[in-house]
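J.: Quick note, the sequences are listed as chains A and E, same order.
Just so you know, the first sequence maps onto residues -18 to 370 in the working numbering.
Just so you know, the second sequence maps onto residues -18 to 370 in the working numbering.
Any given hint could be a false lead.
Each pair may be met inside one copy or between any two copies, as identical chains are not told apart.
Think about it this way: if two alpha-carbon atoms lie no more than 30 Å apart in a straight line, the pair counts; the simulated DSBU-like pairs of lysine-lysine are [what the hints assert, rightly or not]:
hint, residue 1, residue 2
1, 78, 10
2, 78, 101
3, 301, 78
4, 50, 231
5, 113, 231
6, 303, 113
Hints listed in this document are in silico derivations from the structure and should not be mistaken for laboratory results.
No experiment lies behind these values; they were computed from the predicted model shown.
There are 2 protein chains.
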Amino acid sequence: MKKLTTLLFLFMLMVSVECFSQAQQIQVKSPEFQENGAVTFSILAPDADEMLLHGSWIPDWNERIPLTKNEEGIWSVTVENLKPEYYTYSYFSNGVKILDPNNALIIRDGRNHFSGFLLKGEESKYYEVNEKSAGTLHDIWYPSQFLNMDRRMVIYTPPGYEYSDQEYPVLYLLHGGGGDEKAWSELGLANRILDNLIAEGKAEPMLVVMTNGNPDQTSAWHHTPGYNDAAEASFTTMMGNQQFERSLVKDVVPFVEANFRVKSDRENRAVTGLSMGGWQTQRLAFHFPEMFNYYGVMSMGVIRNGAFGVEGDELIEQTKQKMEKLNELGYDLYWIACGTDDFLYDSVEHMVEILEDNDFDFIYRESSGGHTWDRWRLYLSEFATMLFR
Amino acid sequence: MKKLTTLLFLFMLMVSVECFSQAQQIQVKSPEFQENGAVTFSILAPDADEMLLHGSWIPDWNERIPLTKNEEGIWSVTVENLKPEYYTYSYFSNGVKILDPNNALIIRDGRNHFSGFLLKGEESKYYEVNEKSAGTLHDIWYPSQFLNMDRRMVIYTPPGYEYSDQEYPVLYLLHGGGGDEKAWSELGLANRILDNLIAEGKAEPMLVVMTNGNPDQTSAWHHTPGYNDAAEASFTTMMGNQQFERSLVKDVVPFVEANFRVKSDRENRAVTGLSMGGWQTQRLAFHFPEMFNYYGVMSMGVIRNGAFGVEGDELIEQTKQKMEKLNELGYDLYWIACGTDDFLYDSVEHMVEILEDNDFDFIYRESSGGHTWDRWRLYLSEFATMLFR
């Protein structure tokens, strides 16, 4: 029985062999936050010829900031005056992209990955993890009878959902081209934004349903690689086929209302999306006006000339009738947001003209900035406060 | 009203500007699967001096496979005869690690990232996404009164959980040193394994609770960076403080049983873990014998000599009494698994001797292989079939 003394176990050896082997002799911390929004980026690469940096605060993707090497072989550069925001960045050496090996946070944007960091401050306070009041994210599969496949979506339930008997309203939140069902939680921080707004009483407790808006995909491409190779190449075509919008109405909304404790009437349904999702939101508004009471169109408008050979007289008449139907039914909010540097800004201005010409009620929120996630996080932070109250 | 013709929207411009800018002139597909387990790895890097590869099928972390460059500037190499498995790999150039820019799947192991792929086949069939029968993953926060913080865990509910009235048994699944609450779903594919075993009737439908076993963390370090800097550096010390095991019993089990539709008796609770989690499993067995009916100890044993100055006579006597208590209470399974190349193999052999000397009932499953995730996925695939039936 004395051998039981040895039931006190190994402490030191539990890190995997791989982690041990990877341990660097020289410790590098990156990124490092200085005062006044200065951030220092570093990487150990004694044998590299050059090291360059691009970050999401630089509008021009081809602009690179050079790092300089010290005698230990650590390359570094300090960027000044960054605003509080959730940023991505990468290094480049000899034309090859390198993620920061000293930063545990990597963020996926479609098929691309970047190192990431949250620079904390007033403008980014809703993007912080709220440990004291955090909702639940569900990765859940549902049968799409309309698309004839099983598909994954991400559903946010607000803090307290598991304990309460309350029924909640639902926001359907749509991603852009190249995105998938994980985009709004991982890039858009939708759950953190809702956690913080709800905690401050600035948004009503609500579910947020984040679907995959690519109607040929069962789930994000990196999750089920090989399933969507052919379709992925032609996904721009799929944007026009309206299959996603129909599936949202016929498959997703009924599934959510059957399996989650939600209010299942039009008054308690909202929809918003960015870019492709903004286009889908417009289609949902005018083709399924009986479904939603709140609409948010982010960074997407209407091109000046009809195109792509799909605008037959019948379709035009249908759209006009459904726009009138939406007006008859009424709605509490039709909100449009775009940045003045957005490459789709012109299309949004044109859309605004059309809606004005048709005496259609809406709010237009013009911001600075372009076609980027910092805008969409901001727009969600604003849109969510206007719903269900 | 003719302007409504223009309500047919932009198709072509919805990919973000960044994605456009990143489009390479030369398309590279990587990895590419050939016949008989051959896999070709490629990367476009015309200006690189060298390109090397390491993959998780190579036991020695310092071993590198050289790639060769063609006239287009694409480096590539074909690796032959890989077995079906979920693999990780990275490139290296001038000592800098590079993730495969043409592979959308990046897998995190603690603070390190790797490119990844599933090589499909008989041995990896339980690691595939089962779209027809997939359970739900919940990222959920719970209050830990014992640790005085709010903490995140991942809970798997089996297919049908949302629709049925059934109550399910629960497996508590613990990660190793350096891991966190996401390790078993993202690296260990626990949800896919359970989906597939349940679909084939080889495992009972059950919940799987994947906690964060580092008692100083609220959630994975990359998720809440900055919260745990100091503690992270000394996490080996924390493994010995038993705070996690106590918190699992006092906070986690009651939370799960209060908020999920589960069976809440000892017969319907199992626990298993790898490495540090295997040590925690042993402690749970002998210090809280009234909690669990099934135990799995993966890749972790008992050192030959007591150490670290914690084995006072009182503690030894307590442990002995609790081992006897577990025997009195009875249990359906105490399962031990280890690979013969595991650097902790010796400790496992020693543990087996001790248990035999004490007439303690257990099953020892010795495998090939080392202290690696391919083993732990395999062990979970086996252990899960023996529970609750």
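J.: For each hint, tell me whether it holds in the structure or not.
T.: So, going through the hints one by one against the coordinates:
1. 78 <-> 10: both (19 Å within a copy, 16 Å between copies)
2. 78 <-> 101: both (26 Å within a copy, 29 Å between copies)
3. 301 <-> 78: neither (49 Å within a copy, 56 Å between copies)
4. 50 <-> 231: neither (58 Å within a copy, 51 Å between copies)
5. 113 <-> 231: between (36 Å within a copy, 19 Å between copies)
6. 303 <-> 113: neither (44 Å within a copy, 36 Å between copies)
Comparing the model with each numbered hint stated earlier shows that hints 3, 4 and 6 do not hold.
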